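Peer 1: Letter by letter, the chains look like this.
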Amino acid sequence: MTANLRETAARLLAEGTVQLVLGWERGTSPLRTTPLFARAPGDAERLVYDPTCDHNLSGYLGRLKEGRVALVARPCEARALVEQVRENRIARDRVLAIGLPCSGMISRRALASRLADRVIREGRLAGDRLVVAGDGWQEEFPWAEVRDPACQGCRLPDPGIYWLAPEASAPPEGDRFARLEARSLLSPERRREEFRQAAERCISCYACRQACPLCDCAECFTDRAAPALLGPTADPSEAMLFHLVRAMHLAGRCVDCGACARACPVGVDLRHLHLALEREGAERFDHRPGVDPAARPLVGSFRPEDREEFIL
Amino acid sequence: MKERPAMAVFLSCDQLPAVLAASAERGPTWVAAGRGEDSGFIPYRPGLCLDREAGPTRRTLKEVFLPRAEVLFGYETVDGVPRLHPAAPSDLPRVIFGVRPCDARALALLDPVFEEPPHVDGLWAGRRQAATLVGLGCDRPGPACFCPAAGGDPLGEEGLDVLMVPVDGGYLVRPLTERGRAWTEPLGLPPARPEQLAAAEAVADRARERLAGGAPVDLQATLASGFEHSLWDRLHERCLGCAACTYLCPTCHCFDVGDEDGRRWRRWDSCMFPTFTLHASGHNPRTSGKERMRQRLMHKFCYYPERRGRPACVGCGRCVEICPANVDLRSVLEQLKGVRA
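Just so you know, the protein sequences line up as chains A and B, in that order.
Read in order, the letters of the first sequence are residues 5 to 316 in the working numbering.
Read in order, the letters of the second sequence are residues 3 to 343 in the working numbering.
The hints are all genuine.
With the C-beta cut set under 10 Å, the calculated list includes, among others, these residues of chain B facing chain A: (1) Gly42; (2) Glu65; (3) Trp270.
By construction, these hints were calculated from the structure, which means they are not laboratory data.
This one's a predicted model, so the numbers in the text were calculated from it and none came from an experiment.
Beta carbons are placed, not taken as given, at the ideal position from N, Cα and C, and that holds for glycine.
Given the sequences, and given the hints that come with them, work out the whole structure.
Peer 2: Here is the structure:
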């Protein structure tokens with residue numbers, strides 16, 4: 005697969021079909037990859053693709069100056085691209101999406117938890133096995149055991165967005181909303197307290213916002229000085245406000261790639277806020293983000309048959 | 003303050019909980035606790051102990067001395083007369099236990115920023131004067147660590163009052179300052195035996211061997227001449243523009259001030275944010291990620307050494323570990339060698 009990818013990328017660059025190929029290359033730490041901006045055919049040799057390619061590349065598209073680019077696209081990139089095209093943020097004919105089959109990604113958080121936070125000095129994938137080693141220990145297990153929960157029940161986007169459709173892949177099965185079911189058993193007070201604790205941990209570095217392929221407002225509300233919408237304190241209510249507004253702003257747009265939770269340096273994972281809104285959109289309005297580039301926006305469209313029993 | 007040679011004593015692992023409890027009885031004691039992304043410095047509570055397998059805490063010691071947000075002063079008008087109420091540092095930790103040498107060195111690096119007359123920051127200075135720093139040497143530096151390249155050492159003493167070196171069955175405890183002696187002596191620990199001293203030396207050698215290589219941080223002259231180099235155009239490309247690296251950096255110390263309800267707050271700010279340099283007119287001199295990333299690197303490796311004689315980096319490797327896009331400071335510095343005009 006990687007050989008094909010490199011060959012395709014090199015050809016696109018050599019022929020001048022695109023000026024840039026956006027993909028991943030091997031990173032500097034065990035089991036890490038880093039975005040690669042390939043501009044010369046020779047750069048394509050550095051492309052890699054495996055379950056450690058966990059950063060959503062679509063977020064970079066809006067910043068690129070190159071006219072025509074190729075995007076190495078897992079379903080996560082493809083769904084985000086659908087939304088970017090739908091919102092006229094990216095011109096569809098500017099991006100050639102090279103679709104790749106995906107069976108999920110390794111979650112560094114899940115891996116750390118499985119290894120009780122022991123320091124990993126080496127790590128590699130051997131087929132579907134993950135081999136990790138540290139000081140005086142080595143473990144080997146199926147990498148699927150530390151698959152990101154965000155990958156559970158992955159939706160493949162409409163193949164129409166791809167320039168090169170991926171080979172058939174078997175996405176991880178499961179119910180993406182299962183996590184919400186588990187949370188619904190908790191009392192509202194308990195859920196609120198958990199949210200408050202997450203906000204207390206949040207250091208407001210905005211890595212979640214910056215890693216999100218769809219959190220791309222020219223000016224985030226957090227950056228408004230007049231009126232200032234966030235106060236200067238470190239009270240958890242400030243971070244709660246940020247995360248709630250972010251969730252509302254992504255309603256009907258979030259493609260549930262999990263990049264926000266993976267980017268957080270202090271382990272805050274508020275994906276359930278986005279999932280809850282996605283479920284609302286699906287159940288009430290049959291809206292599915294990341295599938296149809298021609299879909300009307302969830303917030304900002306109206307049909308006479310829309311359910312509106314919640315309007316007093 | 004420093005006086006050598008100080009007598010090293012031995013603290014066994016079994017005694018550690020009692021020592022922590024005793025320290026907490028004498029004054030508020032904070033402990034480096036937890037592993038991975040959930041780790042940081044927290045007030046001692048019974049049962050809390052040092053985890054010698056854990057690497058440097060994700061959250062830095064900086065947070066204890068320069069909190070994420072704090073009140074600088076309150077203000078009000080009484081009968082038409084404005085009155086100020088300076089804030090005093092509260093909840094002062096007296097002892098901070100398990101400080102890695104890189105974190106202690108970061109505080110020492112920041113001291114002149116906050117304490118150089120005539121502008122002495124009372125909140126910083128108050129906290130610094132109150133605290134005894136009990137360090138924990140690194141027997142197993144992490145894969146992202148590069149303290150020797152940044153002028154530090156896995157068993158570095160700068161900024162610490164006591165250094166503990168993990169050896170078989172316990173710790174070699176060496177008071178380094180008067181304050182450190184005052185903390186160590188009441189513990190009544192036995193003097194270290196020669197083989198324990200030798201073991202501590204071996205720990206140091208092993209750790210240093212593992213840290214060979216690292217990153218070139220001595221780039222002041224190179225950077226000073228390379229501000230306009232075209233390399234900067236591409237260097238920032240992968241950077242997302244979040245503040246994870248600056249907020250979790252033990253030496254990044256930029257802040258903003260803001261008012262709320264008659265109180266002036268100081269709150270962390272980051273040069274990686276566009277608003278950091280946004281003028282009231284709407285003009286922004288740092289227009290893109292290129293200028294912002296350049297500023298971060300120039301501040302650490304050019305401007306700071308120009309002013310203070312050494313780079314504002316201790317090689318703790320946190321930025322390397324946490325960058326969501328795996329922008330690795332070590333390789334960035336390696337590339338920056340090429341900007342020399």
